[in-house]
Amino acid sequence: MDDALSLKQKNTKIVKILVVVVIGMFGFGYALVPLYDVLCDLTGLNGKAKSLAAEEVPYKVDMTREINLELITSLNESTPMEFRAETKQLKVHPGEYYTVYFYGENMTDKLLNAQAIPSFTPSIAAKYFHKVVCFCLDQQIFKPKESKRMAMRFAVKPDFPKDLKTITLSYTFFDNTKAAVQN
Amino acid sequence: MSAVVAEHDEHHEHEHDDHDHGPEKGWLRWIITTNHKDIGTLYLWFALVMFFVGGAMALIIRAELFQPGLSFVEPQFFNSMTTMHALVMIFGAVMPAFVGLANWMIPMMIGAPDMALPRMNNMSFWMLVAGILLLSSTLFMEGGAPAAGWTMYPPLVLQTGKALPFAIFSVHLLGISSIMGAINIIATIFNMRAPGMTLMRMPMFVWTWVITAFLLIAVMPVFAGAVTMLLTDKFFETSFFDAAGGGDPVLYQHIFWFFGHPEVYILILPTFGIASTIIPVFSRKPLFGYSSMVYFTASIAFLSFIVWAHHMFTVGMPLAGELYFMYSTMIIAVPTAGKVFNWTATMWKGAMTFETPMLFSISFVVLFTVGGFTGLMMAIAPSDLQYHDTYFIVAHFHYVLVPSAIFMIMAGGYYWLPKWTGNRYNEKIGQLHFWLSAISVNILFFPQHFLGLAGMPRRIPDYAVQFTDWNMISSIGGFIFGFSQLLFLYIVVDTIRGGTGEKATNEVWDGALQYGGGGTQGLEWTLPSPPPYHTFAKPPVIVPTEYQH
Numbered sequence: 001m002d003d004a005l006s007l008k009q010k011n012t013k014i015v016k017i018l019v020v021v022v023i024g025m026f027g028f029g030y031a032l033v034p035l036y037d038v039l040c041d042l043t044g045l046n047g048k049a050k051s052l053a054a055e056e057v058p059y060k061v062d063m064t065r066e067i068n069l070e071l072i073t074s075l076n077e078s079t080p081m082e083f084r085a086e087t088k089q090l091k092v093h094p095g096e097y098y099t100v101y102f103y104g105e106n107m108t109d110k111l112l113n114a115q116a117i118p119s120f121t122p123s124i125a126a127k128y129f130h131k132v133v134c135f136c137l138d139q140q141i142f143k144p145k146e147s148k149r150m151a152m153r154f155a156v157k158p159d160f161p162k163d164l165k166t167i168t169l170s171y172t173f174f175d176n177t178k179a180a181v182q183n
Numbered sequence: 184m185s186a187v188v189a190e191h192d193e194h195h196e197h198e199h200d201d202h203d204h205g206p207e208k209g210w211l212r213w214i215i216t217t218n219h220k221d222i223g224t225l226y227l228w229f230a231l232v233m234f235f236v237g238g239a240m241a242l243i244i245r246a247e248l249f250q251p252g253l254s255f256v257e258p259q260f261f262n263s264m265t266t267m268h269a270l271v272m273i274f275g276a277v278m279p280a281f282v283g284l285a286n287w288m289i290p291m292m293i294g295a296p297d298m299a300l301p302r303m304n305n306m307s308f309w310m311l312v313a314g315i316l317l318l319s320s321t322l323f324m325e326g327g328a329p330a331a332g333w334t335m336y337p338p339l340v341l342q343t344g345k346a347l348p349f350a351i352f353s354v355h356l357l358g359i360s361s362i363m364g365a366i367n368i369i370a371t372i373f374n375m376r377a378p379g380m381t382l383m384r385m386p387m388f389v390w391t392w393v394i395t396a397f398l399l400i401a402v403m404p405v406f407a408g409a410v411t412m413l414l415t416d417k418f419f420e421t422s423f424f425d426a427a428g429g430g431d432p433v434l435y436q437h438i439f440w441f442f443g444h445p446e447v448y449i450l451i452l453p454t455f456g457i458a459s460t461i462i463p464v465f466s467r468k469p470l471f472g473y474s475s476m477v478y479f480t481a482s483i484a485f486l487s488f489i490v491w492a493h494h495m496f497t498v499g500m501p502l503a504g505e506l507y508f509m510y511s512t513m514i515i516a517v518p519t520a521g522k523v524f525n526w527t528a529t530m531w532k533g534a535m536t537f538e539t540p541m542l543f544s545i546s547f548v549v550l551f552t553v554g555g556f557t558g559l560m561m562a563i564a565p566s567d568l569q570y571h572d573t574y575f576i577v578a579h580f581h582y583v584l585v586p587s588a589i590f591m592i593m594a595g596g597y598y599w600l601p602k603w604t605g606n607r608y609n610e611k612i613g614q615l616h617f618w619l620s621a622i623s624v625n626i627l628f629f630p631q632h633f634l635g636l637a638g639m640p641r642r643i644p645d646y647a648v649q650f651t652d653w654n655m656i657s658s659i660g661g662f663i664f665g666f667s668q669l670l671f672l673y674i675v676v677d678t679i680r681g682g683t684g685e686k687a688t689n690e691v692w693d694g695a696l697q698y699g700g701g702g703t704q705g706l707e708w709t710l711p712s713p714p715p716y717h718t719f720a721k722p723p724v725i726v727p728t729e730y731q732h
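Residue numbers (my numbering), protein chains in the order written: chain S, 1 to 183; chain Y, 184 to 732.
Next comes chain S alone, as it looks inside the complex (with noise of 0.2 angstroms):
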């Protein structure tokens, strides 16, 4: 059949089909981006938690095991903040419910829209970590120089890998003023 199209035709043909892949591709590298977050999903992979808060449902708790829990708290480039967590280390139950708090001062005169992302070390942790309540729920907002005390509600789920004794948990508040003015 090829024999019948000339030489243009055939070019021709062979550079629309490579052109429509290099366009596909390009779709490919946005298509990534979705199914990046699908994937963190099912495996818990890099540590990404769920954004919106749970239940909170009754678990067995498990009394044989103490998990040590580490909180973490850092700042984004030069977020204006004071930023620390009142309880940096606690033993937890699995199956029990705990609620720990972090200390956030605006300081600047100034409203400042902040976030808080969490992530977890080992990443699975996030598939075990149940969140009731979190301030890194919403956007915090901050009046000039205010201070906030930061709730988070939790409990581990009682089917955390047994091999896991730690779970070190960051909180990092990303300045979000300019995003949040825009909109």
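Think of the hints as simulated: they come from the structure by calculation, not from any bench. Be a bit skeptical, because a hint or two may be false.
The calculated DSS-like cross-link candidates involving lysine-lysine, where the alpha carbons are at most 27 angstroms apart (straight line), are [to be verified]:
1) K532/Y / K611/Y
2) K60/S / K157/S
3) K110/S / K417/Y
4) K88/S / K131/S
5) K721/Y / K208/Y
6) K178/S / K110/S
7) K145/S / K110/S
8) K165/S / K60/S
9) K721/Y / K8/S
10) K10/S / K721/Y
11) K91/S / K148/S
12) K417/Y / K178/S
13) K178/S / K143/S
14) K178/S / K345/Y
15) K162/S / K88/S
16) K157/S / K91/S
17) K721/Y / K13/S
18) K110/S / K143/S
Some chain S residues close to chain Y (C-beta under 8 angstroms, calculated; not the full set) [as the list claims (entries may be wrong)]:
19) F28
20) L32
21) N76
Bear in mind the structure is a predicted one, so any value in this text is a computation, not a measurement. Just so it is clear, CB atoms sit at the ideal spot from N, CA and C, and this is done for glycine as well.
Here the structure of chain S is known, so what remains is to put chain Y in place on it, guided by the hints.
Showing chain Y alone in chain S's frame:
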């Protein structure tokens, strides 16, 4: 023994007019040319100039690292140098050099009169020039040239000054240029082979290039997408990689290396092709395992798509991910080792001679294997945590780029220069260039393994004093290597101007006709040296050589 009968009729009765006249007169020839040989020459000269520009940047880096403390440049400028050195060498030197060789050789190797899309060919060259000029202009911008590394990881890269959008647009231009080049090469190879030049008779250089072209088409658009996301994150309030808006900077690394790993094979596959072309000629033996070479190349290309996260063992992947990427990476060693075996087996009991192209090829086989082994060491996820982002990785990828890709480009230069110019180059100076390069490249890069294992991080302008000795040795090697390359420039210019005065025969190298092709004779060696401006206006008659089945 059968022969290829090239038809050298001076008078083609029903040919188009433009098959008969020679090149345009004057300098305009080089701007508007659509001739594959002219464009090949343009690409090769451009690559050589960029090789010296990128090399000068490397010498700034090595001068600064000669001793601890800040000696010559500011840290910000130092980081610009590491970033720009990489971008210039990858996109300005190595890739254009391969495209230049492809332009010159592929039509002559498959018996085609020119590339399939000559005008697009011209356009892709000039877009490359535009892209590199745009990239170079960032050196003079407020905030300096990009300094976050050639991988351009966010959030660091988003702190680049005025240069960021220019760097991103230059990546777009370079990407479009190489995509057009790749489309052209695929169209040429698929549609313009002389009758009888079946796929499994193509020279290995053509085979490796067609596979490289598919890699380019598959991954360059992904890279363009990734940098576009950086652009919109910075200027249009999207949050692909911004954690505050729900994005993830690690996502960039996944997208980047989905491009980046095939990209490093784009830099090495044509290298394999040149080696598979030169080694048989100087061993006077057919390439050992031709068809296995084709399948090895194809499987390396396929595997390159599924191993990308071995560049990211330290980002905090789940154990299953680390294991998967570790094992899949190690599998690549199998086809690669097969290729090294085949090259060695080609040389085995061959009637070898050691002219400059062969010297470079043999050192390629040895030093590429060194680079391959260090690659295997880093494929081991648990120990990679130790080497990650140290000078060990710097040593590794320079072994697979400098004494591999660059050496084979130069080997190709020496091998085809008599064909291109019709003159013999000065073999003595050629061999001097080889020995100086091969020795100094090891003085330059071998100590970097030790530095990396001892814990010296990459991309730093200053270092702890215990690293001083090896850095000094490395810098000395760097300067010897850098200045030795001027010999190559001298030889190229000298050969164009007449070389040794001895005119090159059609075959140039004893054995090139018989062993210089794939499953046929080396078609380019049937042509006069230098070849006329238009060749194979009528396709040559192709008869396979006996050793092919």
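How the hints compare with the structure:
1. Under the criterion of a C-alpha separation no larger than 27 angstroms, the hint pairing K532/Y with K611/Y is consistent with the structure, at around 26 angstroms.
2. The hinted pair formed by K60/S and K157/S meets the criterion: a straight-line CA distance of about 9 angstroms does not exceed 27 angstroms.
3. Among the hinted pairs, K110/S with K417/Y is consistent with the structure: their alpha-carbon atoms are about 24 angstroms apart, no more than 27 angstroms.
4. Only pairs whose Cα atoms come within 27 angstroms are accepted, and K88/S paired with K131/S is accepted, the gap being roughly 18 angstroms.
5. Between K721/Y and K208/Y the CA atoms are separated by roughly 25 angstroms; this keeps the pair inside 27 angstroms, and the hint holds.
6. A hinted pair counts as satisfied when its Cα atoms are at most 27 angstroms apart, and K178/S with K110/S qualifies at roughly 12 angstroms.
7. Of the supplied pair hints, the one linking K145/S and K110/S holds, its CA atoms being roughly 8 angstroms apart against a limit of 27 angstroms.
8. In summary, the hint linking K165/S to K60/S is supported, as the alpha carbons are separated by about 19 angstroms, within the 27 angstroms threshold.
9. Pair hint K721/Y plus K8/S holds up; C-alpha atoms about 17 angstroms apart against a cutoff of 27 angstroms.
10. The hinted pair formed by K10/S and K721/Y meets the criterion: a straight-line CA distance of about 19 angstroms does not exceed 27 angstroms.
11. For a cut-off of 27 angstroms, the pair hint linking K91/S to K148/S stands: about 25 angstroms separates their Cα positions.
12. The hinted pair formed by K417/Y and K178/S meets the criterion: a straight-line CA distance of about 13 angstroms does not exceed 27 angstroms.
13. With a CA separation close to 15 angstroms, the supplied pair K178/S and K143/S stays within the 27 angstroms bound.
14. With a C-alpha separation of about 20 angstroms, the suggested pairing of K178/S with K345/Y holds against the 27 angstroms cut-off.
15. For a cut-off of 27 angstroms, the pair hint linking K162/S to K88/S stands: about 23 angstroms separates their Cα positions.
16. Between K157/S and K91/S, the direct Cα distance comes to roughly 14 angstroms. Compliance with the 27 angstroms bound is thereby established for this hinted pair.
17. About 23 angstroms separates the Cα atoms of K721/Y and K13/S, which keeps this hinted pair within 27 angstroms; it holds.
18. Between K110/S and K143/S, the direct Cα distance comes to roughly 7 angstroms. Compliance with the 27 angstroms bound is thereby established for this hinted pair.
19. Here the hint on F28/S is kept, as its CB sits about 6 angstroms from the closest CB of chain Y, short of 8 angstroms.
20. A cut of 8 angstroms between beta carbons decides the hint on L32/S: the least distance to chain Y is about 5 angstroms, and the hint holds.
21. With its C-beta approaching chain Y no nearer than about 7 angstroms, N76/S sits inside the 8 angstroms limit, and its interface hint holds.
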